[in-house]
Amino acid sequence: MGAGLFSAGASAFADALRSSMPEDAPETQSDPAAKIAGAGMGAAVTAAEAAAGAAGSAAERVAPLMSWLVNPPFLKGAGKGAAGAARVLDGQWQAAQAEAVQAATSFLSVLVPEIVGAVMGQIDLNRLVQERVDVDAIVARVDLDSVVDRIDVGAIVDKVDVNAIVERVDFEAVIDRLDITAIAQDVLDNIDLPGIIRDSSGAMASEGVQDFRLLGMGGDRLVANVVDRVLRRSQRDLDGPSPED
Amino acid sequence: MTTNAAPRSSRLLPPAAQERQGLRAGVVSRAAVMLLDIFVVAASMAVAYVTWGGLRFARRSASFSWPSLSFGEVVILFYVACVLYLTIGWTTAGRTAGKRVFGLRLVARDGRPPALGLAFVRALVCVSFPLLLLWSAVDRSNRSVADLVLRTSVVYDWLARPGFAGHAGDASGEDALGAGVDVAAAVPDEPDEGETETVAGADRQ
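Note that the protein sequences, when read in sequence, are chains A and B.
Heads up: the first sequence begins at 1 in the numbering used here, then just goes up one per residue.
Heads up: the second sequence begins at 1 in the numbering used here, then just goes up one per residue.
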């Protein structure tokens, strides 16, 4: 898996190398970059497999590497031996690449969520948002009216089964928690019920004689107007005394 | 009671009554009240007379005859009955039966029903000189001679309790508690006292 990781990195590295090559470079000279990278990766794969105690077939793949490493001509910069060894290693890398990439992919698919989870666990996102994000500015840019306009509240309400909700409410429990007696007592203390009953009964009882009273009031006003007109007076001062005077 | 009794009470009244609540009443209402009160006292005396006759019949049915009273005695009894009737009605609730029917109330300078002595003196004046009431038609503040002399007022008050709502403020609840009911009790009670006088006077004869 480590080799796979390296192989992925090596591919990216080779791509980078290739892209950094001059445009006018010959086709044959652009390949060595990939080949060298591939060779490096092949060596890494082989070394990893050897370190892991791979079987004899792996050992066979190591042999060219070893010979390549200890080959004096390579050390002296001779091109032929090195090129040949590189080709061999590159071929091995090409063969192992698919498997290595798959392993790396599966490894990453497991590792990345773990890492992300661990990182997220370490970050206080709320504090981060509070410190870094200007929520007010964001909200100011949101056209809430248009959002609200797009919401069909009626349809939402239609979907709500109020009866079902009400059925689930334990009203008896709510009532049990209310001190109805105290509430009723408080209300009675505040409304002066005896006074209301006394006054209303007085007012109601007078309904039968309302006509009499209104007739008397009208007569009072009529006589007063006539007398005042005869005596050429202005209006009368009829304010009676009040209890607090 | 509560301090907000008066404003609350006035809301119970019809608009026409709310406008006039607490204002001094005119001569028409007061004259009508006087006639009604006279009728009430006269009717009470008639009832007392019939009751007295019934008692005589129960005691001596064989030699039964209706009690006989001279005109002067009737006048005196009527005078006394009226004074008692007005005094009790005015001092308890500021109103007699007639004032209750017409929604009037007698109040002293403090806006409360008059004390016993004041009510008695006013009753004497009103029964002795009933026509002085007519001055209220001329007076600028609808006061009769008795009102001017004794500094009392007769106001519109449709509420059952004294402490009218025309002037928002403290309803005089504590001294008037149950007074609205007492009026009704006072009206039938009073003729009984007249009846007692009648019986006592008759026994002397």
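Don't take each hint at face value.
Derived coverage of chain A by chain B (criterion: at least 3 residues anywhere in the stretch with Cβ under 8 Å from a Cβ of chain B; other residues may be distant) [stated by the list, open to error]:
no.	region
1	91-97
2	110-122
So the derived list for chain B, only partly shown, Cβ under 7 Å to chain A, looks like this [what the hints assert, rightly or not]:
no.	residue
3	A16
4	Q18
5	G22
6	R24
7	V27
8	L55
9	R59
10	Y79
11	V101
12	S128
13	P130
14	L131
15	L134
16	R140
17	L150
18	S153
It is worth saying that the hints were derived from the structure and are not from the lab.
Ideal placement from N, C-alpha and C gives every residue a C-beta, glycine not left out.
| task | Starting from the hint list further up, note which numbers the structure goes against and sort them upward. | result | 1, 2, 4, 8, 9, 10, 12, 13, 14, 15, 17
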